[in-house]
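*Asks:* Sequence:
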Amino acid sequence: MTAHPPSPPAPSRLGHGDGPATAVHRTREGRAALRLNEYDQPVGEPVPDWSPRPLPGAVTLAGRFCRLEPLDADRHAAELHAAYRTGSDGRDWTYMAVGPFEQARDYRRYVEEAAAGSDPRHYAVIDLRDGRAVGTLALMRQDPVHGVIEIGNVMFSPAMKRRPLSTEAQFLAMRYVFDDLGYRRHEWKCDSLNAPSRTTAVRLGFTFEGVFRQAVVYKGRTRDTAWYSVTDTEWPAVGRALRAWLAPENFDDRAVQRRALAELRAAAAGG
Numbered sequence: 000m001t002a003h004p005p006s007p008p009a010p011s012r013l014g015h016g017d018g019p020a021t022a023v024h025r026t027r028e029g030r031a032a033l034r035l036n037e038y039d040q041p042v043g044e045p046v047p048d049w050s051p052r053p054l055p056g057a058v059t060l061a062g063r064f065c066r067l068e069p070l071d072a073d074r075h076a077a078e079l080h081a082a083y084r085t086g087s088d089g090r091d092w093t094y095m096a097v098g099p100f101e102q103a104r105d106y107r108r109y110v111e112e113a114a115a116g117s118d119p120r121h122y123a124v125i126d127l128r129d130g131r132a133v134g135t136l137a138l139m140r141q142d143p144v145h146g147v148i149e150i151g152n153v154m155f156s157p158a159m160k161r162r163p164l165s166t167e168a169q170f171l172a173m174r175y176v177f178d179d180l181g182y183r184r185h186e187w188k189c190d191s192l193n194a195p196s197r198t199t200a201v202r203l204g205f206t207f208e209g210v211f212r213q214a215v216v217y218k219g220r221t222r223d224t225a226w227y228s229v230t231d232t233e234w235p236a237v238g239r240a241l242r243a244w245l246a247p248e249n250f251d252d253r254a255v256q257r258r259a260l261a262e263l264r265a266a267a268a269g270g
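When we follow numbering that gives the first Met the number 0, the leftmost residue of the sequence shown carries the number 0, and every step to the right adds one.
Watch out, some of these pointers could steer you wrong.
If you anchor each label on the Cβ, the simulated ranges turn out as follows [said to hold, decoys possible]: (1) G89 / D223: 20 to 28 Å; (2) L33 / R128: 48 to 56 Å; (3) G269 / R104: 49 to 57 Å; (4) R202 / R104: 33 to 41 Å; (5) A61 / L33: 18 to 26 Å.
Bear in mind the hints are in silico, worked out from the structure with no lab data behind them. A virtual CB, placed ideally from N, CA and C, is assigned to each residue, including glycine.
Model the full assembly from the supplied sequences, consistent with the hints where possible.
*Replies:* Written out as structure tokens, the structure is:
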């Protein structure tokens, strides 16, 4: 005898502004599982009073360990090139679309071009210990109509590796995207072979969504692109975990973390 799946629960009609032709299926726990229109077709959740979001601007975002400020060739190019050159070789540039830059003048030319644009909007990461530029990131593929934006062109020098400011730089960008600009979706994309980038995305709270095969050609080779995102509904828990991790009480007198970000994220999601 052929087994048949159970029939879905009957939809219950919603009021209070949802309209007479909107219905929602409910699970056994009473959670909304499927919203139906007047033709019994599943549709997405309503987004009331939505309007296009502002574009990211030439702003300064301050934290406890670092600040983000608009990338500028005169202020940052020489310091950034020197910081990147402290690496033993060019491996940090393998998955970047540009670089490595052997000559400071070549890197300055790249920074001049990058700083002149607004999409991507490039920012320098300034180490507050000494005021030097030690990395860059950008807000790019800006879609203000739908509230979607990507963090990309992330290039952190060895001076940022395994230090709190690398996490804080990402937090400052995320907080700006969600809390200040009001975007709905923050994306992270990388070469699917870039294991460190993929690990970082998950650690920060991004959700893996899949791989776009043969999505890009760069440096003479193909790239399958791994996609990650944080949405505005996830941001409160993700943001709480990042704030808790960055808090002074989470570090001992040697600046060693007391609780891991994954632990704090699990606690934030549960609360």
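*Asks:* For each hint, tell me whether it holds in the structure or not.
*Replies:* Hint check results:
Take G89 and D223: their Cβ atoms lie about 22 Å apart, and the range 20 to 28 Å holds. Judged by the Cβ atoms, the range 48 to 56 Å given for L33 and R128 holds: they are separated by roughly 52 Å. For G269 and R104, the hinted distance range of 49 to 57 Å is satisfied, since their beta carbons lie about 52 Å from each other. Taken as a hint, the range 33 to 41 Å holds for the pair R202 and R104, whose Cβ atoms sit roughly 36 Å apart.
Checking the proposed 18 to 26 Å range against A61 and L33 shows it is violated: the Cβ atoms sit about 44 Å from each other.
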